[in-house]
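Number of protein chains: 4
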Amino acid sequence: MLWEVQQMYSIGDKIRVTIFGQSHAEAIGTVIDGLPAGMEINMDKISRFMQRRMPGKNRYSTARKESDVPEIISGVVNGKTCGAPVCAVIKNSDTKSGDYDNLRYVPRPGHADYAAYMKYGGNNDIRGGGQFSGRMTAPLCFAGAVCMQLLEEKGISIGAHIERIHGVCDERFDAVKVSAEQLKIISGKEFPVISDEISEKMKAEIEKARMDCDSVGGIIECAVVGLEPGAGGALFSGMEGAISKAIFAIPAVKGIEFGAGFEASEMYGSENNDSFYFDGDTVKTTANNHGGILGGISSGMPVIFRAAIKPTPSIAKEQQSVDLRTKTAEMLTVKGRHDPCIVPRAVPCVEAAAAIAIINILGE
Amino acid sequence: MLWEVQQMYSIGDKIRVTIFGQSHAEAIGTVIDGLPAGMEINMDKISRFMQRRMPGKNRYSTARKESDVPEIISGVVNGKTCGAPVCAVIKNSDTKSGDYDNLRYVPRPGHADYAAYMKYGGNNDIRGGGQFSGRMTAPLCFAGAVCMQLLEEKGISIGAHIERIHGVCDERFDAVKVSAEQLKIISGKEFPVISDEISEKMKAEIEKARMDCDSVGGIIECAVVGLEPGAGGALFSGMEGAISKAIFAIPAVKGIEFGAGFEASEMYGSENNDSFYFDGDTVKTTANNHGGILGGISSGMPVIFRAAIKPTPSIAKEQQSVDLRTKTAEMLTVKGRHDPCIVPRAVPCVEAAAAIAIINILGE
Amino acid sequence: MLWEVQQMYSIGDKIRVTIFGQSHAEAIGTVIDGLPAGMEINMDKISRFMQRRMPGKNRYSTARKESDVPEIISGVVNGKTCGAPVCAVIKNSDTKSGDYDNLRYVPRPGHADYAAYMKYGGNNDIRGGGQFSGRMTAPLCFAGAVCMQLLEEKGISIGAHIERIHGVCDERFDAVKVSAEQLKIISGKEFPVISDEISEKMKAEIEKARMDCDSVGGIIECAVVGLEPGAGGALFSGMEGAISKAIFAIPAVKGIEFGAGFEASEMYGSENNDSFYFDGDTVKTTANNHGGILGGISSGMPVIFRAAIKPTPSIAKEQQSVDLRTKTAEMLTVKGRHDPCIVPRAVPCVEAAAAIAIINILGE
Amino acid sequence: MLWEVQQMYSIGDKIRVTIFGQSHAEAIGTVIDGLPAGMEINMDKISRFMQRRMPGKNRYSTARKESDVPEIISGVVNGKTCGAPVCAVIKNSDTKSGDYDNLRYVPRPGHADYAAYMKYGGNNDIRGGGQFSGRMTAPLCFAGAVCMQLLEEKGISIGAHIERIHGVCDERFDAVKVSAEQLKIISGKEFPVISDEISEKMKAEIEKARMDCDSVGGIIECAVVGLEPGAGGALFSGMEGAISKAIFAIPAVKGIEFGAGFEASEMYGSENNDSFYFDGDTVKTTANNHGGILGGISSGMPVIFRAAIKPTPSIAKEQQSVDLRTKTAEMLTVKGRHDPCIVPRAVPCVEAAAAIAIINILGE
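Chains as they are written, first to last, in numbering that gives the first Met the number 0: chain A, 0 to 363; chain B, 0 to 363; chain C, 0 to 363; chain D, 0 to 363.
In isolation and in its complexed conformation, chain A is listed as follows (with noise of 0.2 Å):
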């Protein structure tokens, strides 16, 4: 029996997230512990928030609907943080937990399932994904948006975007014009891109891989802009470790890069280096390769950084697996209605991550 690691379902020093549940579990939820007294919980901007990563909710918007309202249980009183963690709770009320047993033994590919369950002896709740699921971004959204209104409080706004899915590409933010009314108006969007045009092209790849019975993944573009100069820090205390652990919390997320990120590996130095200049009496640099961060610290530019997420691996298509108990060999076919592209659902999941790590990040 491994003993578990230290942690785990908890974030932040100052604002601590808790996680808990699982997808087929009575309940899910987090309990956000830190936050000052005395803060109106909006539960409408929340609610509207939360909505954005709800299943369905642009053509199949009615069934599933009730089952993501967040209960607060504690830690508000009319209306107002009272010092006490404010816990709120999710009835999974919409659960078939059905014939899972056979699951445990065959797991999917692209899951967790496997290494969950040699992690766990096999006791891990194999209903629905257990933790594993992409329902746990339910309470993740529900604690960033507590976590966004205190943020926009200090006039810091995050806004993200699909950059691109299967290769169907937005235009990108504009690194040092992006602007909070930029980032509320796709926040606002049915389909959160810039550049709408491209929006109808994205859905023809996610329906043609629905058709296909099969799925796909593309990279979300996140921006905070607000940010004075002088959050994070050197080594581990770095804006872009802080973000990154945040952001990885994501399931079926694979990479980040900040600014220029993978592409700097690509420029001389010369290019790379943003120079400086003075706008009135504030410091900002003409391009923005360093994304917001130089040092590990925020630059007073807006951080721009870019998270990669994999295709579903639920599909439809019949999977090449093993039988956990036989040793064999075995062919899978995942059952059920699953996403055939969970990129615009993540898209305020990982602006709700986004604002977990950065309100953890500031300094006063």
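You may find that some hints are simply not true.
Where chains are identical, the list cannot tell them apart; a pair therefore holds if satisfied intra-copy or between any two copies.
[To be verified] Only pairs whose alpha carbons sit at most 30 Å apart, straight line, appear in this in silico DSS-like list of lysine-lysine:
| # | residue 1 | residue 2 |
| --- | --- | --- |
| 1 | Lys-202 | Lys-183 |
| 2 | Lys-334 | Lys-202 |
| 3 | Lys-90 | Lys-44 |
| 4 | Lys-334 | Lys-79 |
To be clear, the hints were calculated from the coordinates, so they are not data collected in a lab.
Use these hints to put chains B, C and D onto chain A, whose structure you have.
Chains B, C and D alone, transformed into the frame defined by chain A:
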């Protein structure tokens, strides 16, 4: 006066590594807390490891060698750990602090200077880049080498190579077949690549940059072999997040990807999912797009990741900056001898950071 | 607005226990993170344990019993832990929040009211004492009972008794001979003392206080047996510090001492030092003034400590207070039914807190 | 081989203090992480503070003085903190490790020897008590002195006195009226008591113990004045728990109590509750049985606590022990010069530990 962020200079809940010092302080060093007692510290091995990151080890290997010799001042008795934290100190003997005061107010593009100025209200140690200097990776390598020793006792090997420099690419690891033996061979190379024939081309890129008073960056690929399935966990305990946090502690890293990484965003799920099969009693996957990590947990396949290294920001070319006092534009020429490419020296740093992350992920 | 302190409502790096809720919130509860997977949660045992702290369990045992039934909403599948955090929720069904607004501005002497008002700028949940209520020990006991189950699997038993109430003393544990069997017997008692003859005298003290509209406190003595030598450590990792931190989480605890404790200040070194001898292959000490802890590390002898419990601050007597709005003196009478002595109910809380501390101290 | 506990040698999430070294290692020292940048380190004040714990400062003040001079090797530039961790090293120049091997197998009663042997499998540094030595309080005092400087800038003073030695009692602090001025006066005394007339009696007790080849302990009382109401919090964030954890890091502490402490167990609630009144605009209490802490939160009244110090375990009298190799009884005489009472030297250690705890409790 901004208050500092928590846990700035330490990482790990199990083997906690704290790094202290600045480039031109009297010393830099590390405290490693939580090592098992009775462990023999192999100083020869550690020295060899640290020499891989030493400045000028090939052509200019004499002058500064001494300054990187770590002195263990606590925690080790007769060559064995005694249970008290191991503190290793590296004296900064060869510091020429000179006239850094100019630099304080004219920040170098691509460096932490401006961001640190804002964070610390101008109190940061500007000499040699202070705690933002690449020199801080010397104690990181010491700590990593100690962790690597622990990992090796458990049959886990870590090794990296230069995957590309300024667009010139080495072949990648065979993500399925990469072995401890291969990693050992590469780590013994003066220029750590898989295909030795590529090394001259890479060196030519570096030399060209040097001649142009410029610099180049690249990508480092790292493999961890021998890791049992079951390490890591869901959400905030995932391996990707833990490794990223450590890797981004290395100055100049601007991106990281695991397995297929950003390329997964171009693939269909049916391409990206790795099929399971039994190799004797061991479950393996036919390909390794998942980079040895499923659901944040090790799958037993090699862990594969790549880190993007930006071009050295210190270049001899004149650059545009500002004077923070006068709020005017100012041209800047960074003096001194600087590596036109730090990618080769960053290879052991990536291994060291990975070792620190992984020893803290292990279950037992 | 004061910013909250880190790690407020959680403890433990290995088995992390987070407690949430307020006395009159919708619910109180706990998230236990880091439990090994596959552990059978013995709900009967947990219920029996929690009943020991239930209000009015002897004479008034009906009315509020239901409200303390914990409901596990995550982390347990078919009675076994699955590796995800265990979240248990206790509904606050029997809350009569009534007119607490008066209390907000007229703080009760001996309570957290005034201090919390200042900390939270008046936003704290004043109903029933909010998160400062003794009610918060219900989830503490749940978490402690789960940890105790883990400890028992390792042969470690924890048990406490009322050492004194308002000057009426029980005998103390024989610090050398106290056994798991003795602890089990005491925990089964309706009034947990060693010498049953003393219980009537203690009850008489409580009754007298009740008749006088007053309250009394006492001392609880706790023993941990079966702990192998070698747990804990020097400096900040000492057992005394870890146990103290947990025990002081119980409202009303104002002191703690280990082994001879404060009496050691009256002894000569030659009296206080415990001689070693071999009992078969096991090293023991002839006396146990060190309370089973030497240099912060378990010696293998029973761990013995005593916690001082102040008299219940809620008394029916009229008391002098102030009105925080008018800045005038104000007489206050605390209404409602209150325990004239919480020492008996605090006994399992002490055991629970000790269990949480000790499971986090253990090496493996 | 037991695995070490997490966070062994560090404390604090805001100002993190890590202590390293062993009594006879090359050095002992501390890393202080999280200090604000630009803070002037007053080395004179720190030296004066550390001299209060120096061995033999009154009668035998020559020989070992040099060995306790801390050398700051990082984090300070031109006398000011630069934002990087402050590392201070104290060389162990005067070590005579001699024949400690005998001690390894014949543990000294009252010392950590046996427990450490079991924890570390015999690998612990037995020379001079290793990391369990009272010598480790030298870096503790350094770190405490730095924290105290920060506290003083906020108007917070900490001071302690010898409340009793072997039954000879000083008067106690007036828990309501104790002032920064009084604390300053006491800290300037060669023998820190309130009533100077008692000091000769205490010294006589110590001298008597010395003549008898024995030792005595005592109680130290500490006051913190100037702390605003609102620091600390409920449950695991309580001030008592945080202070206790730090105080128990001092070897030889076996108990702690706040305010009325254990005596509260003899009082009625109506006696123990402290009435509120307005002193101008400030809420105060008429008495201070609560020791300045209500519900784990500072009330604005002086924080008062007492720590029990056991008699020095090193005594010249022959004692009964065992030989761990032969499993036979063995008589032991502890050689060397030892303090017959460490209470006077522990006074600044208590202040230092309290300072570290309190700086980490403060909200801002």
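Going down the list of hints, with the structure as the test:
1. Lys-202 to Lys-183: Within one copy, since 22 Å is at most 30 Å while 47 Å is not.
2. Lys-334 to Lys-202: within (23 Å within a copy, 53 Å between copies)
3. Lys-90 to Lys-44: both (20 Å within a copy, 27 Å between copies)
4. Lys-334 to Lys-79: Between copies only: 27 Å across chains, 43 Å inside a chain, cut-off 30 Å.
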